[in-house]
Each structure stands twice: as structure tokens, then as C-alpha cells.
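Produce the entire structure from the sequences given, and follow the hints as far as they go.
These are the residues of each chain, in order.
There are 4 protein chains.
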Amino acid sequence: MIRVGVVGGTGYTGVELLRLLHGHGQAGVEAVTSRSEAGRPVSELFPSLRGRFDLHYIEPAIDVLSGCDVVFFATPNGTAMEIAPDLLAAGVRIIDLAADFRLRDAGLWETWYGVPHRCPELLQEAVYGLPEVNRARIREARVVANPGCYPTAVQLGLLPLLEGGLVDPGRLIADAKSGVSGAGRKESFTTQYCEAGDAFKAYGVTGHRHLPEIVQELESVSGSKVGLTFVPHLAPMIRGIHATLYAELLSGDVDLQKVYEERYGDEPFIDVMPPGSHPNTASVRGENVLRLACHRPGNGKTVVVLVVEDNLVKGASGQAIQNMNIMFGFDEREGLASGAVCP
Amino acid sequence: MIRVGVVGGTGYTGVELLRLLHGHGQAGVEAVTSRSEAGRPVSELFPSLRGRFDLHYIEPAIDVLSGCDVVFFATPNGTAMEIAPDLLAAGVRIIDLAADFRLRDAGLWETWYGVPHRCPELLQEAVYGLPEVNRARIREARVVANPGCYPTAVQLGLLPLLEGGLVDPGRLIADAKSGVSGAGRKESFTTQYCEAGDAFKAYGVTGHRHLPEIVQELESVSGSKVGLTFVPHLAPMIRGIHATLYAELLSGDVDLQKVYEERYGDEPFIDVMPPGSHPNTASVRGENVLRLACHRPGNGKTVVVLVVEDNLVKGASGQAIQNMNIMFGFDEREGLASGAVCP
Amino acid sequence: MIRVGVVGGTGYTGVELLRLLHGHGQAGVEAVTSRSEAGRPVSELFPSLRGRFDLHYIEPAIDVLSGCDVVFFATPNGTAMEIAPDLLAAGVRIIDLAADFRLRDAGLWETWYGVPHRCPELLQEAVYGLPEVNRARIREARVVANPGCYPTAVQLGLLPLLEGGLVDPGRLIADAKSGVSGAGRKESFTTQYCEAGDAFKAYGVTGHRHLPEIVQELESVSGSKVGLTFVPHLAPMIRGIHATLYAELLSGDVDLQKVYEERYGDEPFIDVMPPGSHPNTASVRGENVLRLACHRPGNGKTVVVLVVEDNLVKGASGQAIQNMNIMFGFDEREGLASGAVCP
Amino acid sequence: MIRVGVVGGTGYTGVELLRLLHGHGQAGVEAVTSRSEAGRPVSELFPSLRGRFDLHYIEPAIDVLSGCDVVFFATPNGTAMEIAPDLLAAGVRIIDLAADFRLRDAGLWETWYGVPHRCPELLQEAVYGLPEVNRARIREARVVANPGCYPTAVQLGLLPLLEGGLVDPGRLIADAKSGVSGAGRKESFTTQYCEAGDAFKAYGVTGHRHLPEIVQELESVSGSKVGLTFVPHLAPMIRGIHATLYAELLSGDVDLQKVYEERYGDEPFIDVMPPGSHPNTASVRGENVLRLACHRPGNGKTVVVLVVEDNLVKGASGQAIQNMNIMFGFDEREGLASGAVCP
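Line by line, the protein sequences give chains A, B, C and D. For the first sequence, our numbering gives the first residue as 1, with consecutive numbering after it. For the second sequence, our numbering gives the first residue as 1, with consecutive numbering after it. For the third sequence, our numbering gives the first residue as 1, with consecutive numbering after it. For the fourth sequence, our numbering gives the first residue as 1, with consecutive numbering after it.
These aren't lab readings, by the way, just hints derived from the structure by calculation. From a predicted model like this one, the values you see are computed outputs, not experimental measurements. There's no promise every hint is true.
Which copy? The list can't say, so a pair holds if one copy fits it or any two copies do.
Lysine to aspartate or glutamate pairs mimicking EDC-like chemistry, simulated, CA-CA at most 20 Å apart [stated by the list, open to error]: (1) Lys301 - Asp168; (2) Lys225 - Glu248; (3) Lys186 - Asp105; (4) Lys301 - Glu248; (5) Lys258 - Glu248; (6) Lys301 - Glu37; (7) Lys258 - Glu121; (8) Lys225 - Asp168; (9) Lys225 - Asp105; (10) Lys186 - Glu37; (11) Lys225 - Glu30; (12) Lys186 - Asp168; (13) Lys186 - Asp69; (14) Lys225 - Asp266; (15) Lys225 - Glu163; (16) Lys301 - Glu163.
If you want it as C-alpha cells, here you go:
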């Protein structure tokens with residue numbers, strides 16, 4: 001049993017980590033921190049955890065966290081970078097669910113996140129935690145930057161096309177729809193029931209923080225400049241991301257179904273559906289799986305890839321545990337076996 | 001007061017017509033037909049109409065309908081064409097909310113709707129009921145083909161770009177999301193609460209019946225071949241369509257905001273929002289308005305147009321009444337004045 | 001045209017007042033106040049009002065409001081009592097949608113609302129704005145205390161039973177379910193989409209502020225002590241209240257349907273459904289109507305009354321306009337004619 | 001590993017059984033039957049099961065089912081009684097999730113279900129599968145009648161009060177609210193998204209089939225005649241039942257919290273919340289737990305018990321597996337360990 005710490009356990013990715021870790025046979029939660037809730041039982045804040053965790057929130061103290069083998073940061077952006085160096089010095093490995101280590105360029109990070117990076121020297125070392133791309137490097141990583149929910153869906157949907165050089169990398173469109181939990185557990189007007197319910201809208205069309213992360217990684221696999229139009233939308237559902245991806249084929253002579261099946265055939269958490277399928281976000285509710293289908297309407301030059309995932313699982317906490325399993329040599333499916341709750 | 005008949009008043013577009021006609025000062029509902037519900041009070045099927053209509057459903061009899069000035073068809077595809085010639089012969093004007101008169105090519109109609117057209121001679125005469133394009137012709141029309149919900153949103157969103165020759169007509173993408181009422185009032189699995197709720201999926205990616213209608217009309221205004229990828233999605237909400245439209249600018253030197261404001265400045269039911277806006281479907285719930293905003297992310301070549309409407313109002317019954325108002329010389333806003341119910 | 005002021009126009013009852021007043025033929029909105037949004041266009045906060053109101057929020061200044069014939073308070077509890085005396089002195093009539101004038105006993109008011117009442121002398125003068133009970137007094141009132149959403153549903157459901165002395169007044173149960181908009185437009189955790197969506201819970205079982213108001217009024221009509229257990233619940237919908245009321249018949253020899261139909265036969269906004277009916281909140285969405293049905297399961301001693309209303313309309317803003325119509329001698333239906341938006 | 005058969009695996013209780021059984025370490029699914037879907041892969045109907053079950057639906061053949069140790073019936077009422085005798089003769093144990101074996105009186109069964117019972121001789125032998133009451137008898141049972149979703153919530157909420165003789169058994173009220181999945185997976189108007197969404201209504205007030213089952217069992221534990229008013233409601237959510245129970249205390253001198261905690265202290269799947277709590281259906285989504293809290297408003301004579309469960313888990317399939325675990329001597333928690341998916 002490894003010892004696990006969770007920093008910032010009061011948000012939705014935090015409670016989801018705890019739900020999944022409770023069923024993990026080789027990892028035990030030692031500490032869950034929260035400045036605002038220190039002293040309060042975790043199950044008081046989250047009654048769904050009643051009877052499962054006897055833990056109280058504690059202040060995020062380095063000495064306690066230093067006793068852990070791995071620490072998850074389920075915190076706002078800019079938190080992990082504050083204490084990461086100290087934890088690493090104490091031999092703790094880190095999985096950050098926020099954005100602190102996702103960009104390799106400290107200047108770009110500052111541009112998008114508005115403050116200077118506190119430990120830019122770690123940006124090169126940190127491994128982008130998309131197992132389907134970086135599994136070997138994740139195994140050895142001290143710092144894993146867990147991808148954002150949108151980036152996971154968009155990248156895994158486009159990867160086989162770009163790796164194979166099959167589409168024009170300068171003409172990519174990602175029209176993505178997210179459930180409201182993607183905005184985190186916080187008081188805000190836009191995520192009120194009466195604002196987000198029975199409603200649908202785009203947001204951040206002029207620029208969303210997930211864009212540079214996606215472009216960085218897609219350019220890395222494609223080896224060329226990527227032009228991506230990314231439009232996120234807020235959908236009236238709790239969990240789930242549906243990414244509808246559009247790309248332009250360079251040649252019509254390609255068996256797309258085969259391309260995807262071969263690329264992902266061995267992946268434990270990617271499900272390539274049969275031709276003609278339309279994946280439903282409900283089919284992945286609570287499960288660490290990304291389900292996709294590819295189409296070519298009218299047999300034309302435009303490829304349409306439909307991708308679904310649970311933003312809190314494969315898009316966040318489930319993927320974080322998958323990364324932990326890889327880092328510690330566990331079965332990659334450990335703690336991630338339970339199925340989607342559907343309907 | 002003109003005399004109005006509604007054929008097929010048991011669906012959602014039917015009840016929406018009745019809701020709006022109740023507040024119309026110059027039109028009175030004479031007859032509402034339904035084969036299956038004949039004899040039953042309309043307000044028994046739709047308690048929301050209790051106290052508003054004392055009507056019972058009747059069988060769709062030509063002699064009764066012939067006494068009307070105008071007959072709306074809120075029926076499945078293929079119904080209006082059966083009795084349209086008889087009604088026209090009796091001097092009745094027709095507004096069909098289904099697809100019977102939307103395509104000018106009878107062969108194309110048969111391809112998409114699976115049966116031969118019964119009165120192909122009317123296809124050339126029928127006027128496509130998009131007032132923002134065909135107002136003058138609608139005024140004189142005997143048969144108005146009320147546009148589909150998706151086509152209304154997609155066309156009105158793309159029109160100013162195509163009319164101005166501003167974008168590549170061969171590279172258009174319409175990623176559209178519809179509330180469940182767009183599927184009509186019928187028993188089906190996919191529209192069950194437990195199937196459609198807290199869920200999101202695309203459908204009909206290989207081909208949707210609204211595609212040929214959109215292409216026909218867009219080619220008509222652009223004067224050139226149109227290449228459109230149209231992907232509809234089912235969103236967990238009752239009403240509302242959100243169309244996210246992507247097009248590629250031919251030249252970067254254009255003031256898009258001005259293009260839209262000039263094109264739609266005099267339109268009573270189109271609202272061009274200020275730059276940077278993100279229209280919300282909730283803001284049009286129950287109202288006959290189409291609200292849009294245009295963006296150009298990163299000031300690049302891709303235009304993103306965000307369009308919302310209530311699929312049952314500007315996307316169906318409200319637009320049908322707008323057409324009736326034009327046909328009979330009423331104020332175009334008559335019966336359509338009440339505002340969106342929001343939240 | 002009378003001149004109308006709205007104090008506190010940034011909440012859901014405020015925007016609903018504006019929606020309804022826009023369609024009112026004899027009342028014009030002169031001023032909408034908000035301390036926090038002063039200077040901002042109303043339609044910027046509420047895009048659903050775009051094109052309908054050219055107003056900007058202003059500071060709540062007595063001199064401006066003094067020029068109005070009537071002022072609505074769509075404010076938090078405790079606001080109206082601060083400036084009501086000044087407005088009355090200026091000859092302005094007042095309709096308070098909050099709780100400031102609902103209780104006649106200033107001590108009881110302080111107990112439930114936590115602060116001393118600022119103008120207790122007005123509590124005796126103020127008229128409780130339930131038209132079905134106090135129509136004549138409302139006509140002459142300077143101050144109308146518009147009932148709460150729960151109290152409207154519970155009282156109108158129980159009134160005929162208590163007025164007729166038909167049930168045991170000491171054994172009343174009101175199990176009420178409210179849509180989330182009943183909590184107002186504010187940032188809070190419990191009303192977040194991810195907290196309130198796909199979820200159901202009771203709240204305030206130990207005591208809800210609407211209880212004393214209901215008891216006061218029911219005791220007034222029944223002439224005896226009332227024992228009421230009131231349990232409110234939060235339901236995952238935007239609008240709507242469903243009150244399920246239980247009472248114990250003193251004698252089995254009574255035609256309940258007739259009792260309700262006779263009591264409410266002349267009421268323009270109460271719909272007594274046929275025996276065996278189950279009213280649906282969706283049937284009153286956006287409309288100023290209260291719909292009810294009474295049952296007597298197994299023909300036993302327990303009466304079950306099912307009541308629905310839109311909490312923002314008959315439960316708040318619609319009823320406020322109904323009161324205004326009565327106060328100024330307008331047709332009681334003016335501005336309240338448009339039907340429920342359903343589905 | 002025992003061998004499990006599922007008859008009628010196309011409904012929501014069927015797919016939920018499969019989801020839970022997939023994680024069960026001592027039970028393997030041998031056969032899933034469906035007349036309508038025979039030959040089709042189970043995961044085609046339920047994509048959420050993709051990668052988990054390689055099974056195809058088969059015709060419900062006695063010879064195949066006879067090879068099982070236990071057969072679950074996730075079928076409409078009236079199906080299990082057709083083949084139960086044959087299976088018992090073959091030594092198979094039966095857990096019926098429908099109503100066939102819930103009532104001990106064959107005449108009463110016929111009254112409520114409209115057809116004569118096919119094997120009335122089994123009604124006395126069958127054990128009502130509420131483990132908290134009948135654990136010992138379930139262990140030995142050949143036929144377990146799994147309780148309905150409403151009856152589980154209502155009985156477990158009232159049991160401690162009736163067992164202790166603390167309340168008037170003639171004045172019980174159960175105001176119950178169910179998610180839409182309680183209606184099963186079938187095409188119907190009332191459960192359409194546009195009918196059930198953003199809506200709330202009571203139904204079956206004149207009599208619901210779950211009433212006699214509840215009364216039979218409550219009379220059994222209370223030893224006296226029970227008078228229960230049971231009003232079910234349809235709430236706009238997918239899963240979850242919230243029962244609000246009202247009873248009248250015979251004496252005020254009782255520590256209700258202690259009564260519940262002592263009664264249920266050893267129960268693995270009942271969570272008595274602290275005083276003042278309001279359980280939320282969302283906190284049990286997907287988990288086999290019933291969570292409750294008891295209140296006594298104003299310290300009066302009326303007890304209010306708030307009970308939540310997931311209607312498909314503790315209200316159906318989870319409880320069925322709990323019963324199987326008891327019958328076969330497994331750890332009662334086996335296969336039921338994963339936590340609620342919340343939010």
C-alpha cells in the first residue's frame with residue numbers, strides 16, 4: 001500500500017479522487033487538505049462519502065504531505081507550483097490535476113494564467129500525463145501534469161489523424177460541449193441551476209486556457225504547426241464532455257476505422273466504437289473510459305470524430321489514478337474497474 | 001379576423017401554434033384536427049391550454065378546412081401534400097410546418113423522404129418561408145414551406161457571409177445542438193427522460209434530412225456550389241437550438257459586426273448581439289427571436305457564428321405565424337410580442 | 001398609463017415583473033433600481049429583455065420613485081420597510097414581494113427575520129395580497145404584502161376546506177416541492193447546477209419562514225388554532241411549486257369537488273381540475289394560474305389536495321401585477337393573458 | 001463462483017444488475033435472456049457495458065436457466081410466476097425483482113395485478129426480501145420477492161416507529177418522489193424528456209400497486225391495522241427516491257435519534273444521519289445505501305422521516321444482489337462496495 005495525499009480535497013475532482021481511491025487495493029489516503037475546511041470531517045462536506053472515509057480535512061502542511069509516496073493536487077491553478085519543489089525534495093511524487101505543469105514554456109504559462117511561474121525549472125521535467133502518448137515517461141516521472149478535460153478529449157480524438165499525417169494540421173476544429181461540473185465546485189452565477197439548466201451556450205470563443213495546451217501537444221505529435229479553432233460550450237448536464245472534431249483529409253484513400261482501431265487496440269481505457277456509431281456521454285458516466293467514433297459524411301474530405309468522456313474521470317481524477325498506477329507499477333486498471341452508472 | 005385551421009394539432013408545434021394564436025388579435029382558430037384524438041377536448045390533451053380554447057379535435061375534413069382563410073399543417077412529413085391541392089382549389093392558403101414543400105426538386109425530395117411527392121407541380125410555386133430572405137414572395141404565396149428548425153438557424157447565421165461573398169462556400173461547418181422537443185411529441189426510446197437526460201450525443205452524422213434544404217437555399221443566395229458539413233446533436237433541454245457555424249474568410253479585411261448589423265438591422269425578429277457576446281438558448285425560450293453573435297478567434301481566417309433560437313418558435317410555429325402575418329398584411333409582430341420566459 | 005417603479009430589479013422576481021409589465025397596456029415602467037448594477041442597461045444583465053426595455057438601472061432614489069404611482073419591491077426581506085414610509089408620504093402605493101408586511105405581529109416578524117421591524121405601525125394597515133381572499137381590501141390598500149410562493153399554494157389549496165369547517169385544523173400537512181428559482185438569483189452552493197441537478201432533498205424541516213405567514217392567514221379564515229406541518233423540498237426544475245396537502249375530514253359526507261368549484265368558480269386565475277386529475281407544474285410554466293385537484297384515496301377520511309403554480313408568477317410577480325390591477329381598477333387579467341410555455 | 005441467470009435483461013433493473021454483477025467476485029453471469037432482443041449483443045443495447053460483457057441475449061429457455069444457481073427476474077409483473085415452478089424443480093433459487101411474490105394473498109394479488117396468480121402455492125413460501133427484517137429467512141429461501149422501490153424506502157423509514165409502538169398506525173402518510181427510471185425502460189408519453197423534464201406531478205393518488213405490499217408488511221411488524229395514505233410523485237431526475245414520511249407520536253417522551261440508530265446500527269446499507277440532517281438523493285446515486293434522518297418540527301407530535309435511496313440499487317438491483325449474497329453465504333457487501341457517483 002502506498003501512501004496518498006490529496007491537496008485541495010473540497011472540489012469535484014477531489015471528491016472524485018476519494019471515491020475512486022476508496023476502491024483502490026494498493027493505495028491508502030493518508031491526508032486530505034483544505035485551508036478553508038480544516039478540522040471538518042470530509043464526509044460532512046460530501047455525504048456521499050459517509051461510511052467510507054473517517055478523515056478530517058487538515059491544513060496543507062509539508063511535514064504531513066512529505067510522508068506520502070504521492071500527492072495529488074486537486075487545487076486551483078497556481079497552487080501546486082508553490083509547494084511542489086519542497087515535496088520533490090522530500091522524495092514525494094506529484095500528480096497535478098490543475099494546469100501548473102502542462103505548458104513547457106514559462107512565458108506562455110504566464111500569458112495565459114496571469115502570474116509568473118514559481119518553478120519554471122520543473123516545466124521541462126514534468127511529464128504530460130496522457131498515458132496513451134507518454135506511458136513510458138510517466139512511469140519514471142516525478143511530476144505528472146494531468147491533462148485538462150477538454151485537452152484529453154480533443155487530443156485523443158485527433159491523435160491518430162495527426163500521427164499518420166492524414167489531415168491538414170492547419171484546419172482543425174474542435175467544437176466541445178461540457179457538463180457543468182467542468183467549471184468546478186464553486187459559487188458562481190453562470191453555473192447556478194437556473195442559469196445553466198435547460199440552456200445551452202458557447203463561452204470563451206475568443207480564447208480558452210485549454211487551447212495552448214492542446215496546440216503544444218498536437219504540434220509535438222504532428223511535427224508541424226497546428227491551426228486549431230476551439231469552441232467550448234456549456235451543456236445542461238452534470239458530467240460529460242462531447243467533443244465533435246472536424247479535420248480535412250489530405251487524401252481520400254484511407255480506412256479511418258482501421259487507423260483508430262490499430263492506434264488504440266491495446267489501450268485499456270479507449271473504446272473505438274463500430275462504424276456509424278454515435279457515442280453518448282451517458283455511457284461513460286463515472287467510468288474511466290474515452291469512447292469515440294469516426295465518420296466521413298458523404299464520403300467527402302471532412303472527417304468528423306465524435307468523442308465522449310466523463311470530465312471528472314478520464315478527464316481528471318480517473319486519469320490521475322491511471323497515471324499513479326503507471327508510476328507505481330500497479331495494474332493500470334486498479335481502482336478504475338467499476339462501470340458507468342447508466343441511466 | 002381571419003379563420004385559421006390547424007391540421008395535426010397534437011404535436012409540440014401544434015400546441016405551440018395554439019398558444020401563440022390565442023394571443024393573436026386578427027386570427028381565430030376555427031378547427032383543430034387529429035385523426036387519433038377526434039372528439040377529445042384540446043385542453044384535455046394539453047392542460048396548459050385549459051381555459052383558453054373550447055375546441056375539440058375533429059377529423060381532418062376538407063369541407064371544414066375549406067372554410068378557413070389559412071390552414072397550418074403541423075403534421076408529419078408527407079401529410080400536407082395529400083390535401084394541399086384540394087385546399088388551394090377552395091381558395092385556402094397553406095403554411096406547412098413539415099417538409100413537403102421545402103425542396104424544389106421532386107426527385108431529391110423522394111430521395112430524402114422515401115416516397116414519391118404527390119403534387120410536384122406545387123414545388124416550384126411554393127415559397128420557402130424565411131421572411132428575412134423571401135418576404136415579398138411570401139406576401140403573395142398560396143403555399144408557404146415553413147423552414148425546419150435547424151435550417152432557420154444555420155441559414156440566418158451564414159447568410160450575410162455568403163451574400164457578401166466573404167467566405168469559402170465549399171468549407172462550411174454547422175455544428176448544431178437541439179433540445180429534445182425538436183424530435184416531436186412521440187413515444188420513442190431516444191427521447192425518454194432517462195435516455196436523453198444528463199446526456200449528450202450527436203446523431204445522423206451520415207446524413208440528416210435538413211441538409212438538402214439548407215444547401216438548396218444557401219446555394220441560391222451564394223450563387224455557387226456549397227460544401228456543408230452538418231452535424232446535429234441532442235442536448236438535454238426541452239427547447240432551444242444552438243448552432244455553432246464555422247466558415248473560412250476569403251479576405252481578412254472585413255468588419256463582420258457591421259456586416260451582420262446592416263443585414264439584419266431592420267429585421268423585427270433577429271437580434272445581432274454586441275461583439276464578444278455568447279447568446280444563450282435560455283434567452284429565447286418561448287419567444288420568436290433569433291439571437292446571434294459573430295467571432296473571429298485570434299483574428300484569424302476562421303469565422304465562428306453563434307446562433308440561438310427556440311426550435312418551436314422562430315424554428316417552427318412562431319415563424320409560421322410570422323409568415324401568416326406577412327401573407328395577410330398584418331403587423332409582422334402581431335401575436336408574437338410576448339417575451340422569453342427566463343429563467 | 002400609470003407610472004411604475006421596480007426596486008431591486010436584478011433578481012428573478014424582478015426580471016419576471018419586467019417581462020410581464022412589458023405586455024401591460026396601462027402601466028409603464030419608469031425606473032428600475034439596483035445599487036450594485038446602477039448605470040448598467042437592464043438588458044445587459046438579462047439578454048431575454050433585449051429589444052424590450054431601454055432602461056438602465058438607477059440608484060434607488062426617493063425623488064425618482066416618488067414620481068411613480070406604484071412601486072414594486074422585488075428586494076430581499078428588510079428592504080421595503082426602510083423606505084416605505086417615505087414613499088407612502090409621497091402618495092405612492094406599494095406592493096412588496098418580500099416578507100416585510102406579511103405578518104401583522106412585529107414581534108413575530110422579528111423572531112423569524114432576525115431584526116426589529118422598522119415601521120411596525122404599517123403592519124396593521126398593510127393588506128395581505130391574496131386576491132381570492134382580500135380582493136376588496138386590496139382595492140383600497142396603500143401597502144400590499146404580496147404572499148410568498150409556498151403560502152400562495154398552501155393557502156389556496158386549503159382555504160375551501162377550512163372556510164367550510166370541513167377538516168381538523170390541528171392536523172394539516174403541507175408537503176411542498178419547489179423549483180430552484182424559488183431560492184432567488186444568487187450565488188450559493190445549494191443552488192448550483194451540480195448540487196441541485198438530478199437531485200432531490202427536503203430543507204428547513206425544523207422551521208421555514210413561510211410557516212408563520214401561512215398559519216396567520218389560515219387561522220384568520222378558520223377562526224381556530226391551526227396545527228400545520230410544513231415540509232419544503234428542492235426539486236430539480238427551474239420554475240414551479242407542487243404542494244401536496246393532507247387534511248383529515250371531520251365528516252365523510254361532503255362533495256369536495258363541488259366545494260372547490262363553488263369557491264373558485266369566479267376566480268380568473270384558479271383552475272379546479274376534474275376529479276381524478278393530477279396537475280403538472282409544467283402546465284403553468286410562465287402563466288399566472290394556480291391549478292388544483294382534490295382526491296380522497298380509498299374514500300377515506302384523508303383529503304389530498306394537489307396544487308401547482310409557477311412560483312415566479314402566481315407565486316410572486318404575476319400575483320403582484322394582479323394586485324396592481326385590482327388596486328388601480330384595471331381588468332384583473334391585463335398583462336397576464338399569455339399562456340403557459342409548455343413543453 | 002456461482003452461476004447467475006438474468007431473465008429480462010433489457011430494462012433498467014436488468015442493466016443495473018449486470019453493472020453490479022460485473023464487479024462481484026463470486027458470481028458469474030451465465031445467461032441474459034430477452035425474447036425481443038435474442039441474438040443481439042448485450043453491449044449493443046447498453047454501450048455502457050461495452051468491454052465488460054461478451055454476452056448475447058438468448059431466448060428464455062428453461063434448460064439453460066436450469067444450469068444456474070440463481071436466476072434474477074428483471075421482468076414485467078406476471079413473468080416470473082410462469083416459470084418459477086420449473087426452475088425451483090430444477091433446484092434453481094429465484095430472486096424476483098417484480099411483484100409476483102410480494103403479496104401473500106393470491107386474491108389481493110389478482111385485485112391489484114388484474115390476472116390470476118399462476119402459482120399461489122408459492123406465495124406462502126416466498127420470503128419478502130427486505131434484509132433488515134427477514135435476513136434469517138432470506139438465507140434459506142428458495143424464492144425471494146425483492147421489494148419495490150417505494151416499499152423499501154417507506155418501510156425502512158417507518159419500521160422503527162411501528163416496531164416500537166411509538167406512533168398511531170392508523171395515521172401514516174408517505175409522500176414519495178421518484179426519479180423517472182422508476183417507471184422502467186419503455187416508450188411512453190409521460191416519461192418522455194419533454195413531458196417529465198422541468199416538471200413535477202403526483203400520480204396514482206387513487207391507488208398505486210405498491211400500497212398493498214407496504215401495508216401487508218407494516219401490519220406484520222406493527223401487529224395492528226395500518227392506515228396509510230401513499231402519494232407517489234414523478235420528479236425530473238433519472239435516479240432516486242425521496243420519501244417524506246409523517247406519523248403521529250403516541251407519546252412525546254422519546255429519543256427518536258436513538259431509536260433509529262439502535263435499530264439500524266449494525267445494518268451495512270442503512271445510514272442514519274445526524275439530527276437536523278436533510279438527506280439528498282444525489283448522495284446515493286449508484287450506491288446500495290438507504291440514508292435517512294428524522295425530525296420533529298417544533299418538538300410537536302408529528303414525526304417527519306426523510307428517506308433517500310437509489311430506486312435502481314437499494315430500491316431494486318442492489319438489494320437483489322444483497323439478497324443473493326445472504327442466500328449464498330457471501331459477504332453481504334460483495335459487489336456492492338463502490339460509492340455513490342456524486343455530483
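Going through the hints against the structure:
| no. | hint | result |
| --- | --- | --- |
| 1 | Lys301 - Asp168 | both (11 Å within a copy, 15 Å between copies) |
| 2 | Lys225 - Glu248 | both (15 Å within a copy, 18 Å between copies) |
| 3 | Lys186 - Asp105 | neither (29 Å within a copy, 39 Å between copies) |
| 4 | Lys301 - Glu248 | both (6 Å within a copy, 16 Å between copies) |
| 5 | Lys258 - Glu248 | within (18 Å within a copy, 30 Å between copies) |
| 6 | Lys301 - Glu37 | neither (54 Å within a copy, 37 Å between copies) |
| 7 | Lys258 - Glu121 | neither (41 Å within a copy, 47 Å between copies) |
| 8 | Lys225 - Asp168 | within (10 Å within a copy, 22 Å between copies) |
| 9 | Lys225 - Asp105 | within (16 Å within a copy, 44 Å between copies) |
| 10 | Lys186 - Glu37 | within (14 Å within a copy, 23 Å between copies) |
| 11 | Lys225 - Glu30 | neither (44 Å within a copy, 53 Å between copies) |
| 12 | Lys186 - Asp168 | neither (39 Å within a copy, 42 Å between copies) |
| 13 | Lys186 - Asp69 | neither (29 Å within a copy, 42 Å between copies) |
| 14 | Lys225 - Asp266 | neither (29 Å within a copy, 43 Å between copies) |
| 15 | Lys225 - Glu163 | within (13 Å within a copy, 32 Å between copies) |
| 16 | Lys301 - Glu163 | within (18 Å within a copy, 25 Å between copies) |
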